[in-house]
Amino acid sequence: MQPADSEKNAGMNAGQKRAVAKTPPVTPAPSVIEVGPSVPTKGPAPAPPDTSRTFDLADEIAGRFPSAKIDYVRPRRVKVTVPPDKIKVVALYIRDVLGFDHLNVVGGTDYIQQKEFEVIYFVGSISRPGQQDLVIQLAERVEREDSPKVPSLTDVWGAAEYHERETFEMLGIVFEGHPDLRRLLLPEDWNDIPPLRKDYVSPGR
Amino acid sequence: MSTAFEYSPDADRIMSVSLGPQHPGAGHFRIRLWLDGDLVVKADPDPGYVHRGEEKMSEYRNYIQNVPHLERPVILDSSGILFAYSLAVDQLMGNKIPPRAEYLRVIMAELNRIISHEYYLGILGLFVGQTTMITWCMGDRDLFIDLGARIAGARVTFAYIIPGGVRNDMPEGLQVQAFETLDWFDKRMDEYEKIFFKNPLWEERSKGVGVLSREDAIKLGATGTVLRASGVAHDIRKAEPYGAYPEFDFAVASLKEGDCWARGYVALQEMRESVKILRQAFKNIPPGPVRLKLGPQPRVPAGEVYARTEAAHGEMSYFIVSDGSPKPYRLKLGVPSFKNMRVIPHLLKGIHIADIPPVYWGLNYWPVEADH
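Chains as they are written, first to last, in our numbering: chain L, 1 to 205; chain X, 1 to 372.
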């Protein structure tokens, strides 16, 4: 264990020795960790919100995958719609080649008039500098039916697990290949259509 | 911390236990634990006890009516959740926010960050047996709530940041009280550090416990203090500056250890940075109007927008689809606690029961927010 800062914690040293002696033997002793001061990060100056970088991204995706449709390009945001059977390939490309490794959130929308569901993954980037402010919105559209099926992206972004469970219970979209597709937020006795579908009407409305 | 333990399906040996939802500190939240002796072999979070359907509710109300109920999931950080909402609606409508309102938004968001972190450190201290922390933190937190109440008029649920600016101007002469509070709080944070973070008992219980590696933090989608304590200096205020944040001089606190101690300490350092921002904001706040006249039922053009901010618990994001009517067609709320929930089973697996409090309460997890 680390020795206590003797000047500042003179009165607590006795207590620390006792605590050290009592460390349970089952736990592997924590490796000694250097605790430095928190690292202040100034970071590079924020890139101006223009569309040149997002246009580059959109070009790369569209050039690589002809089936991908670029819905819009804005400062810091690109929305790409791909067919559900291609989404995994595109997702892997976005993660590994383009460096978008941090899944922010997964959303789903019920477009009842077009008879379609949209599932949309919002992916940010952390590891690669210079694009930490960009978000790729990777969307897929599936026909509106009782239990439409789309592939799960949990093995691309591990964070998708709970987000997909939420989308499953709120919109009734089945994610094939999900390791543990159960309800998450709704009560166990929920016995109605998924509540975020547009044909579900809240009680009293 | 992962130990070399393999899950055994032996039913006599493995016992299933619920942590919560009646536990006084777990919040409205249950974790199913499978135990072998006092080792956790598997943990399964079970949220939803306070699910209120915020997203469905938003579809029945117009953009202004949505303000008060959207802050309910996280009343500790009510400005943090509304900042992202207002940002999203402003982007949809193309609002140009007056500079004074941008400053007031930053002031309120940073006050709320301190309020939320104080609560977090208090609860963390309480559940590892350091009751000084809860008494001190709750007392000091009230000073910031008072400041917020003088600005917004309400005490905890401020409902202050709204689309088009802020609800009202701050009273004249507030700076005196603000600077007094900040000066005093600077000294208090040094005392927190001495009594809690340098305390050998807390160091013993937290260092090397619940280590989340940098790779896992990114893969599991952690945000906020959890992410920054794992060596990722990612803060939306810096990465994607919004509002008036580019005008302020502050740093992003991050540590590379990824253990419980680091998570708490990052929150403390963040409060120091918030104090720095607040000083600059109170000093340099420009005069002028504080809100745009949007009317009671603003028309929002059709389109969709994704906006994100750094709230106290982490990255707060909104995805709003508008069909041109006064009400949102779809509002997707991406709350930081929900994102951090994926970390809970990962960290709890393989630790002792006695290590659950520093790990669980160290995550800055707010069950009501996760349930939205």
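You may find that some hints are simply not true.
[To be verified] Below, a list of computed lysine-lysine pairs in the DSBU-like style, where the Cα atoms sit at most 35 angstroms apart:
1) X:K293 - L:K86
2) L:K86 - X:K187
3) L:K69 - X:K42
4) L:K115 - X:K327
[To be verified] One-sided excerpt, in silico: chain L residues whose CB lies under 7 angstroms from chain X:
5) S67
6) L98
7) D101
8) P129
If you are wondering where the hints come from, they were derived from the structure by calculation, not from laboratory data.
Backbone N, C-alpha and C define an ideal beta-carbon position, used for all residues, glycine too.
Here's how the hints hold up against the structure:
1. X:K293 - L:K86: 46 angstroms, violated
2. L:K86 - X:K187: The hint is violated at about 57 angstroms.
3. L:K69 - X:K42: 42 angstroms, violated
4. L:K115 - X:K327: 21 angstroms, holds
5. S67: 22 angstroms, violated
6. L98: Cβ of L98 of chain L sits 15 angstroms from chain X, so the hint is violated.
7. D101: 5 angstroms, holds
8. P129: It is violated, given that the least Cβ distance between P129 of chain L and chain X is near 10 angstroms, above 7 angstroms.
The earlier numbered hints that this structure contradicts are 1, 2, 3, 5, 6 and 8.
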